[in-house]
Every structure is written in structure tokens, then in C-alpha cells.
Amino acid sequence: MTEWTFRLTLRGVELTDEQLDTLHGAGCDDGSFSVEPDGTVLGFFDREAPTEQDAVISAIVAVEHAGIGARVLRVQADDDWLTASEIAERVGRSRQSVALLARGERGPGDFPTPIARRRSSNPLWSWSEVESWFEHYEPEALPAHGPRLSLDFLAEVNDRLDLRERLRHSPDAPWRPKLNEALPLGA
Amino acid sequence: MHSKHLKKEINNALDYADQPGFVVEQTAAGHKWGLIKCTCRAMFSVWSTPKIPFNHGRQIRRWVDQHNHSADEKVQ
Chain A
0 MTEWTFRLTL RGVELTDEQL DTLHGAGCDD GSFSVEPDGT VLGFFDREAP TEQDAVISAI
60 VAVEHAGIGA RVLRVQADDD WLTASEIAER VGRSRQSVAL LARGERGPGD FPTPIARRRS
120 SNPLWSWSEV ESWFEHYEPE ALPAHGPRLS LDFLAEVNDR LDLRERLRHS PDAPWRPKLN
180 EALPLGA
Chain B
0 MHSKHLKKEI NNALDYADQP GFVVEQTAAG HKWGLIKCTC RAMFSVWSTP KIPFNHGRQI
60 RRWVDQHNHS ADEKVQ
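Heads up: the sequence lines are chains A and B, in that order. Taken in order, the first sequence gives residues 0 to 186; the numbers are from numbering that gives the first Met the number 0. Taken in order, the second sequence gives residues 0 to 75; the numbers are from numbering that gives the first Met the number 0.
Note that these hints are calculated values from the structure, not bench results. The beta-carbon is built from N, C-alpha and C at its ideal position, and this holds for glycine as well. Among these hints, one or two may not hold up.
[Claimed, not checked] Reference listing, derived: stretches of chain B covered by chain A, where coverage requires no fewer than 3 residues with Cβ under 8 Å from a Cβ of chain A:
id, stretch
1, 23-33
2, 47-57
3, 60-67
Excised from the complex, chain B in its bound form (with noise of 0.2 Å):
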């Protein structure tokens, strides 16, 4: 489980970035709340205060999607 983040649909986007193969840490310093690393060593920033929330949140999505090494061969 991730520590909680205050916007809801940033909260809602790490529920889903909290699957096998990420690793969701709250290391809080100015803008950033924290980081989404995948097991590749990719690291993607979390803003605590992103200009639109739900966007935000979109693009952790996107960025968790993209970052599927499963078994599955990778496309792109």
C-alpha cells in the first residue's frame, strides 16, 4: 500500500501504478510528492499539486501501461 495522496484521482492513479513491478514511495521535496519506480530502473515523478489533478493521474496511467515488461513481449 502507498501513502495517500490528498487529489483524489492522483490517489486513484498510484492504487493502480501499486501492481507487480512498481514500487510507489512518498519522498516528498517542493513540488514532488513522489516517485513510481518500475523494476527497468525507470523512475517517474508524482507532483503533489499538478495544474489539473485528473490529467495528472491520466498520465501516471499511461506511464504504468507503458512500463509493462510482464512476459507479454513488449510492443513499441
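Extracted from the complex, chain A is given alone in its bound form (with noise of 0.2 Å):
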């Protein structure tokens, strides 16, 4: 079983104590909900599954089948943040090899720069943007490879949630039979 790290965007809940607990058992315990500024929902999910396919999909339908209204806008990666001692940590290297690396006082230089707290002491680094540039420095340093959602199913799943949302909001806009039959889905 692998694990498969993802971001859920949701619209049509407020996440009430009750539509949580429904989320909960729901299947959705693997997953932390937060309610943003702007009033969107976010699913943040740790899902073990044999494949990308059935995390994402499942949770989707875990999500939207609960009863409370909610659909799914879109579906992101998502990653952890690190220290440069936790980067440090996850290669094997000392805090400050990770700092010369970092600053380009070593190695190849273009280590990606920091994703917050960039002025701080103590910055973070997007550990996919830092993963992905030890693989052409030193791929043998990296932890056994993390599975990382390809770009590809990304972009048809959220293809899919997009053309969904349009149909709902015009479901009977004037060009859609001549593109149903010039384009037609699944052709």
C-alpha cells in the first residue's frame, strides 16, 4: 500500500460540527478539513491506496456521497514544507552541508529557494521542489522515492470537475449541441 499526499477544494459545505462528523464516518478520518477566508473548503488528505487512481477517485466519491452537499472543484498535490534541518534529516547530510548546498557554496548551485519564511533564520523549502533537484544532483541520497501524483491525471481529473462545474452552471448554453457533436467526449 503506498501512501498519496492531495488537496480537495470544496464548494456547498460551511463544515459544521454535524458535517464533519458525517465526513468522519464517512471514511474521510484520513483526511483534516479547514474552512479558508474566502469561505472555501479545503480537504487535505493522507490516503493509502495501491494506486494514485483509487486515493484520489475514492476520496472524490467518499466526499460527494456523504449527504452533505459537497462537491469537489479540484484536486492539488500537496507537500510537506521543511527546515534545512529536516531536509537534512531526509537525505542524510549534516544541517550545514544542507545550507551550503542551499546557498550554492557547494554542489551544483540552483537549489531552489525557500517556499516561506524566506527572510527568517529558519526558512522552508517545498520538499517536492528540494526532492526533485537532489534527483539530478544525487538521486542515491533521496529516501525511498515518495509517489508523487503525475501531472497527467492531475490535469484530467480536474478537466473533468471543471467542464462538471460549467454543465451545472449552464446546463443549457447555446453552443453546447453543436460542440457535443463536433467534439464529442470520449471520441
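Since each chain sits alone in its own frame, please combine them into the complex, following the hints.
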């Protein structure tokens, strides 16, 4: 079994205590939920499944079939943001050696720039960016390859979610019959 | 100081969330242990019994990091 990390953007829920309980009971207790300032609800999942399709699709279905009126609008990959010490631990180096790589004083340079707390003494890096950098520089230092959602898969899921949303908002768009005829889906 | 969460991994993540810009509140209701509130008005629901406490702790940490609205320019 592999663990897949991703984030769902939801609409149609406010995340009341009852809705949260329903999500927990619907098997979404491997995810966490937040309400963002614009009212968007996000679901952060670390889901065990044999494939990325199983992980993402089962989460979408669980959220939407929970009976709370939630619709998934978007799926994004999510990753950890790490300090230099935490990166050092993952790649088996000292913190100082990671700092030298990050400053370009050792290694090939072009280390990713921090993603947050840039001006602090303890900035955070995106692990997926750092991981791809190490893939070129020193692949053997990387821990057993964490699975990443493929871009093609994410693009296709999101295209479908976008289209579904559009059909829902304008079911009778005047161009639809012609479009369906000229560009049938699945042809 | 936030109230104690019985799952160690989650309690550690709540310690991490206990930093300027965030408030950790225990407001138990059903499966919800409480909330983490950010100054931007975003709220994260903390489970009392998530499927895997370690992962829930990591999700808390990720959310707190992504809500770092310090003087620093916000990325993403």
C-alpha cells in the first residue's frame, strides 16, 4: 500500500460539527478539513491506496456521497514544507551541508528558493522542489521515492471537475449541441 | 498553552501550532477535538480520533506552515 498526499477544494459545505462528523463516518478520517478566509473548504488527505487513481477517486466519491451536499472542485498535489534540518535528516546530510548546498557554496547551485519564512533564520522549503533537485544532483541520497501524483492524471481529473461545474452552471448553453457533435467526449 | 490532546503526535503538532498568529482552541463536538484559528480568519478542524494520528499531526503542521503570514511575502 502506498500513501498519497493531496488536497481537495470543496464547495457546498460550511464545515459544521455535524458535517465534520458525517465526513469522519464516511471514511474521511484520513483527511483534515479547513475553512479558508474566502469560505472555501479544503480537505487535506494522506490516503493509503494501491494507485493514485484509487486514492484520489475514492476520496472524491467519499466526500461527495457523504450526503452533506459537498462538491469537489479541484484536486492538487500537496507536500511538506521543511526546514534545513528536516531536509538534512531526509537526505542523510548535516544541516550545515544542506545550508551550503542551499547557498550554492557547494554542489551545482540552483537549489530551490525557500517557499516561506524567506527572510527568517529558519526558512521552509517545498520538499517536492528539493526532492527534484536532489534527483539530478544526488539521487541515491533520496529516501525511498515518495509517490507523487502524476501531472497528467491531475490535469484530467481537474478538466473533468471543471467541465462538470460548467455544465451545472449553464446546462442550456446555446453552443453545447454543436460542440457535442463536433467534439464528442471520449471519441 | 493549548489544552492537551491525548494522542501524542497530535499534541506535538498542536505545540507547533502554538505560535504567534495562531490560536488553538479545544471545543470538543463529536469527532472534533477543536480548532486552530489563524489571524487571517481561516480555521482548521482538529480530530480527536483521526485514522492515523501521525498523519493528522503532519496535516496540522502543513496547514500552519502554509498559513505563515509573517512580514515575509506570501508564496503560493
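Self-check item: Coverage of the stretch 23-33 of chain B by chain A, judged on three or more residues with CB within 8 Å
Solution: holds (count 4)
Exercise. Can you take a look at whether the stretch 60-67 of chain B is actually covered by chain A? Rule is 3+ residues, C-beta closer than 8 Å.
Key: holds (count 6)
Quiz item: Taking a Cβ-to-Cβ distance below 8 Å as contact, does the stretch 47-57 of chain B have at least three residues touching chain A?
Solution: Coverage by chain A holds here, the residue count being 7 at a Cβ distance below 8 Å.
Every hint, counting from the list given before, is met by this structure.
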